[in-house]
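Trainee: Each chain, letter by letter, is given below.
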Amino acid sequence: MNNSVELARSRSRRAAQPAARRRVALSRRELSNHLSGYLFISPWLIGFFVFTLIPILASFYLAFTRYDTMSAPVWSGTENFEKMIEDTRYWSSVRATLYYVMAAIPLRLIFALAVAMLLNSDRRGVGIYRAMFYAPSIVGGSVAVAVMWRQVFGTEGLVNFFLALVGAPRVVWLGDPATAIWTLIILAAWQFGSPMLIFLAGLRQIPAQLYEAAAIDGAGRVAKFFSITLPMLSPVVFFNLVMQTINGFIAFTQALIVTDNGRPLDTTLLYVLYIYQRAFQNLQMGYGAAMAWVLLGVIAFVTWLLFKSSSRWVFYESKEGE
Amino acid sequence: MAAITGPTLRRLPKLRQDAGQRKAIVSSMAYHAPTLILSLLMIYPILWMFASSFKVPTDIWKDVSSLIPKQPTLDNYIKGWAGFGGVRFDTFYINSFIYAGGATLFQVVSSAIAAFGFARIRFFGRNFWFTCMLLTLMLPVQVLIIPQYIMFKQLGWINTYLPLLVPRLCGSAFFIFMIMQFIRGLPKELDEAARIDGCGTIGIFFRIILPLIQPAMITAAIFTFYWTWEDFMGPLLYLSNPKTYTLSLALRGFADPGTGTDWGAIFAMASLSLVPVFAIFVFFQRYLVQGISTTGLTGG
Amino acid sequence: MSVFLKHRALIVVCVIALALCIAACAPAPTPVPPTPVPPTQAAAAPATKAPEPTKAPEPTKAPAPTTAPTAAPQPVELRIAWWGSQNRHDRTIKVIELFQKKYPNIKIAYDFALWDDYWVKMNTQAAGNNLPDIMQQDYAQIASWVSKKQLLALDPYIADGTINLKNVAEASIKGGILDGKNYAINLGNNTLAYILDVDAFKKAGVDLPSDKWTWADFEKTALALREKGNIYGADNSLYNWEYWRGLYLAMGQNIWSADGTQLGYTDDKIFADFLKMAVRLQQAKAAPMRAEEIAAKWNVENNLFVKGQAAMTWYWTNQIVALLNAAGENRNVKLMTLPVPAGAKAGAHYMKPSMFFSVTANSKHPKEAAMFIDFFTNSVEANEILLAERGVPISSAVRDGIKPKLGKAQVTMFDFVAIAEKTAAPIPPPDPPGSSEISGSDASLIVTKIIEPVYYGKLSADDAVAQLRKEANAILAKNKK
Numbered sequence: 105m106n107n108s109v110e111l112a113r114s115r116s117r118r119a120a121q122p123a124a125r126r127r128v129a130l131s132r133r134e135l136s137n138h139l140s141g142y143l144f145i146s147p148w149l150i151g152f153f154v155f156t157l158i159p160i161l162a163s164f165y166l167a168f169t170r171y172d173t174m175s176a177p178v179w180s181g182t183e184n185f186e187k188m189i190e191d192t193r194y195w196s197s198v199r200a201t202l203y204y205v206m207a208a209i210p211l212r213l214i215f216a217l218a219v220a221m222l223l224n225s226d227r228r229g230v231g232i233y234r235a236m237f238y239a240p241s242i243v244g245g246s247v248a249v250a251v252m253w254r255q256v257f258g259t260e261g262l263v264n265f266f267l268a269l270v271g272a273p274r275v276v277w278l279g280d281p282a283t284a285i286w287t288l289i290i291l292a293a294w295q296f297g298s299p300m301l302i303f304l305a306g307l308r309q310i311p312a313q314l315y316e317a318a319a320i321d322g323a324g325r326v327a328k329f330f331s332i333t334l335p336m337l338s339p340v341v342f343f344n345l346v347m348q349t350i351n352g353f354i355a356f357t358q359a360l361i362v363t364d365n366g367r368p369l370d371t372t373l374l375y376v377l378y379i380y381q382r383a384f385q386n387l388q389m390g391y392g393a394a395m396a397w398v399l400l401g402v403i404a405f406v407t408w409l410l411f412k413s414s415s416r417w418v419f420y421e422s423k424e425g426e
Numbered sequence: 009m010a011a012i013t014g015p016t017l018r019r020l021p022k023l024r025q026d027a028g029q030r031k032a033i034v035s036s037m038a039y040h041a042p043t044l045i046l047s048l049l050m051i052y053p054i055l056w057m058f059a060s061s062f063k064v065p066t067d068i069w070k071d072v073s074s075l076i077p078k079q080p081t082l083d084n085y086i087k088g089w090a091g092f093g094g095v096r097f098d099t100f101y102i103n104s105f106i107y108a109g110g111a112t113l114f115q116v117v118s119s120a121i122a123a124f125g126f127a128r129i130r131f132f133g134r135n136f137w138f139t140c141m142l143l144t145l146m147l148p149v150q151v152l153i154i155p156q157y158i159m160f161k162q163l164g165w166i167n168t169y170l171p172l173l174v175p176r177l178c179g180s181a182f183f184i185f186m187i188m189q190f191i192r193g194l195p196k197e198l199d200e201a202a203r204i205d206g207c208g209t210i211g212i213f214f215r216i217i218l219p220l221i222q223p224a225m226i227t228a229a230i231f232t233f234y235w236t237w238e239d240f241m242g243p244l245l246y247l248s249n250p251k252t253y254t255l256s257l258a259l260r261g262f263a264d265p266g267t268g269t270d271w272g273a274i275f276a277m278a279s280l281s282l283v284p285v286f287a288i289f290v291f292f293q294r295y296l297v298q299g300i301s302t303t304g305l306t307g308g
Numbered sequence: 255m256s257v258f259l260k261h262r263a264l265i266v267v268c269v270i271a272l273a274l275c276i277a278a279c280a281p282a283p284t285p286v287p288p289t290p291v292p293p294t295q296a297a298a299a300p301a302t303k304a305p306e307p308t309k310a311p312e313p314t315k316a317p318a319p320t321t322a323p324t325a326a327p328q329p330v331e332l333r334i335a336w337w338g339s340q341n342r343h344d345r346t347i348k349v350i351e352l353f354q355k356k357y358p359n360i361k362i363a364y365d366f367a368l369w370d371d372y373w374v375k376m377n378t379q380a381a382g383n384n385l386p387d388i389m390q391q392d393y394a395q396i397a398s399w400v401s402k403k404q405l406l407a408l409d410p411y412i413a414d415g416t417i418n419l420k421n422v423a424e425a426s427i428k429g430g431i432l433d434g435k436n437y438a439i440n441l442g443n444n445t446l447a448y449i450l451d452v453d454a455f456k457k458a459g460v461d462l463p464s465d466k467w468t469w470a471d472f473e474k475t476a477l478a479l480r481e482k483g484n485i486y487g488a489d490n491s492l493y494n495w496e497y498w499r500g501l502y503l504a505m506g507q508n509i510w511s512a513d514g515t516q517l518g519y520t521d522d523k524i525f526a527d528f529l530k531m532a533v534r535l536q537q538a539k540a541a542p543m544r545a546e547e548i549a550a551k552w553n554v555e556n557n558l559f560v561k562g563q564a565a566m567t568w569y570w571t572n573q574i575v576a577l578l579n580a581a582g583e584n585r586n587v588k589l590m591t592l593p594v595p596a597g598a599k600a601g602a603h604y605m606k607p608s609m610f611f612s613v614t615a616n617s618k619h620p621k622e623a624a625m626f627i628d629f630f631t632n633s634v635e636a637n638e639i640l641l642a643e644r645g646v647p648i649s650s651a652v653r654d655g656i657k658p659k660l661g662k663a664q665v666t667m668f669d670f671v672a673i674a675e676k677t678a679a680p681i682p683p684p685d686p687p688g689s690s691e692i693s694g695s696d697a698s699l700i701v702t703k704i705i706e707p708v709y710y711g712k713l714s715a716d717d718a719v720a721q722l723r724k725e726a727n728a729i730l731a732k733n734k735k
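Protein chains in written order, with the numbering used here: chain U, 105 to 426; chain B, 9 to 308; chain H, 255 to 735.
Next up, chain U with everything else stripped away, as it sits in the complex (with noise of 0.2 Å):
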């Protein structure tokens, strides 16, 4: 069954044979590549310096100074950063999104793998069955989403149904605060229609010869998953571990409309929420910004030992690089 991989393999290999040529005519497809890749990526470059660049850096700026949005900001140096080391809500934030980003991101995406996988199918019926779980992913974050959620846990809701049935005992689940976090957590799982819809995607990129070669070597359901499905779907899988992991650090909407603020003490008070209760309750704009260029760092850390961990288990029919 490691034939299958080792398929894959080899052919990444002879990829990367051909880049090794002729010297000089190399050279000249090198500059032509220069400027073709700035060419192609040109729209998102100039985005980047007319659109982007200049609120970043202002947004930076104003980490160093107070700014109520109404007067200039004044240079306050390392002021708003300090601030932070005494805040004790900075810190419940700090604790609430760790605790939700590392919650609701597993959960989410294994939850979006399995029902891609389930829904990978050409039975008759799986389009329905793909637009209902679909759907939740497309209530998003307005107000009759909270209201509904807030139903879904309330204390006559849904949920306590349920725990009836089996005999457990009532939760206050929006009250409680070892249990309001799982509110957010369970909402962001339920609403994984996005990392879905790509898993489906790079499922259905998966030639389908490879799953028969490993047939061939008598390969099970088991083996196959782990043999052919992760590693092809690897790139996929590192796309969206990335982007779920910086949207689970940045979650916002969820948190200020179903939880309302951060409720109760605390414990649902999401870092970016935070920022925006400082930057716009309390017109503390400079200091949002600061909390905000932290929080860029952690989630480039982040990130970054994402992307070193990347060569170990992401594999690319095409080596970067080329």
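Since the hints were made in silico from the structure, they are not lab data.
Be aware that one or more of the hints could be misleading.
Unchecked claim - Listed next, the stretches of chain H that the computed footprint assigns to chain U, with coverage defined by at least 3 CB atoms under 8 Å from CB atoms of chain U:
1) 373-387
2) 395-403
3) 635-641
4) 694-705
What the hints assert, rightly or not - One-sided and incomplete, this derived list gives chain B residues near chain H with beta-carbon spacing under 8 Å:
5) Ser36
6) Phe92
7) Gly93
8) Tyr157
9) Leu245
10) Gly261
Since the model is a prediction, treat every value here as computed from it, not as a measurement.
Note that the Cβ used here is the ideal one computed from N, Cα and C, for glycine as well.
Given the coordinates of chain U, assemble chains B and H onto it according to the supplied hints.
Mentor: Quick look at chains B and H alone, frame taken from chain U:
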């Protein structure tokens, strides 16, 4: 597939056919029963909202758990559709279609182009720009709102759709990265072969890569459409006239925590607002299946 | 060769990058926003601004806010913004249309949002120097906006009669006055009311408390309701930070010192006693546990009082109509003012301006904006449309004028406000800048770090009040000049 198995089975000897059918039914049951239960659980909250939109407002909270309205009514839809001060929901719908449709078209195309550049071409500074691109995803928008607003005001774009649509021409980091990953999943021999046949880089993109990343582009289109459809922050900041409001922004006009809220109208309009997004998904997901099976990616 | 080529490539790339940079900067010569100079400095002191501004190049300032009064028939365009829900939007839009009919030369563009969104939008527009001419203002925020010079003093327009306040009681005007200038016109009087379910009291055999009730009476009543009527005494009741203010108002003090640099009261014990009482009531199930309240709270319809599971609740008077509508027409209710602590010198309630209209400092047509505010305040016709949705109108003529149009719930509210006015404490000055961190929303310090930890049993009431003093004073100290 299902279409093929039918006639194939019929041609088999009767005995084997029976056994085969029984086995197929069992396997089909084993698949459909749990999948159906799970999917019903998934959409229960949506059914609840949908059911509530047909309830008399006083029943919505009295008769919370029921999914069947006692006195079904369309009043919520009629009242909700009337909108605010003469601006009805058809206006909001049109605005949302302009915003989401334009954004989808712009963003998917430009993201695919940039993704090809990042994924397939080795050029000076590529890793640097890629890192920059990822970093832009990590800064919460909350701290960028004000600088962006000031910038767009200097461009004179406030109260138009320009701040909402023009940046979409420049792609989105999320989708560039996503499409990149799909492109990198394609064997590079395809490019080499095309190059030998005399294809230039641009030709490779349009003739080889673009058809093969159809599933990724469709996925990107579904997401962009929906994420734009639900975005209220952009319209909130840049649009100051109810006639230009989008659906997502208008929906927020019903509710204010301090005062009474017409929940029936909210649920009715929220339910209606899901229809186009849902339709887009159902429509496109067919191509998600087709895209792969017809292009028949044979690899090396 | 190859090396040379590589360098060439590098040069080309640099040129492209540079070109992009230039292209990026071209449309806006100085688009770097880190130094948005306060837009209003110019408006506040136009004389000093006469020569070219020395501060920084600032294209935003192009339309300098000239306060030149425009002649009446010239076409004028105003912008107005408010927060609220659909009911308010519909009514306000109708009034705007009515005003435009009366003054065909004035066109008003309007914009609305819900509370949270509204403030994000207004703060962003303030930063962008693009505020509407008229904005709805809140009593807890107004001091910040005035101190940042975003609002225009309306005194000239009151003096020349553009805004007619002849039929308005002094107390109803006072809330908009800061540093001796009138920056905002009150859109309705508002106060906290306790709402008692008379039938539930009768059923439980508990006597209605006397009109001058103390928190001790409240506790006794709530406990009796649980004991005899098996019903919550108080719903949704005990976390409101306004009680904190009320406790000290009743003692003749304010929570903020006059200069806004520290807390204005000395006796922490009053607040600690209140918190202890609240804990006792929750333990006795005379009030719902805070956890249950948080789980249930999201709208009027889920209020325990509305559902008939609690016999007392509180609301702002301008929300009473919504509450009574949700509770049902035939509920027999009695409205009471807030209980007071023992030894009180005054009422614990005050007549709070529910919200204001202010003219912003960058309005080009302050005169017309003032005309609209006057119309909103004094036109009976307009108020027949508004129907006190923002609170009881401040003009006595308007109050009398719209009386025939009021529904049952609104009459209840009008009558109560008239009675409450008599025992109200004098209106405290607006909350000082920076106080939004301490109180004023559910996300502020007093709820998240004081009241709720006490109710969840994580903090003792005595420690809580000491901590409140320490943290609040540290925040307010920044207001020292």
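Trainee: Take the hints in turn and mark each one as holding or not.
Mentor: Results for each hint:
1. Given a C-beta distance limit of less than 8 Å, the hint that chain U covers the region 373-387 of chain H holds, as 6 residues qualify and 3 suffice.
2. Under a criterion of three residues with beta carbons nearer than 8 Å to beta carbons of chain U, the stated coverage of the region 395-403 of chain H is upheld, 4 such residues being counted.
3. Coverage of the region 635-641 of chain H by chain U is violated [criterion: at least 3 residues with CB-CB distance below 8 Å; count 0].
4. Under the rule that three or more residues need a Cβ within less than 8 Å of chain U, the assignment of the region 694-705 of chain H holds, with 6 such residues.
5. At its closest, the beta carbon of Ser36(B) sits 42 Å from a beta carbon of chain H; the interface hint therefore is violated under the 8 Å criterion.
6. A hinted interface residue such as Phe92(B) counts as satisfied when its beta carbon comes closer than 8 Å to some beta carbon of chain H; here the least separation is about 5 Å, so the hint holds.
7. Hint on Gly93(B) holds. Least Cβ distance to chain H is approximately 3 Å, under the 8 Å limit.
8. Interface restraint check: Tyr157(B) against chain H, minimum CB-CB distance 5 Å, threshold 8 Å, status holds.
9. Given the 8 Å rule on beta carbons, the hint for Leu245(B) holds: about 6 Å separates it from the nearest Cβ of chain H.
10. Among the interface hints, the one on Gly261(B) holds; its C-beta lies about 6 Å from the nearest C-beta in chain H, closer than the 8 Å criterion.
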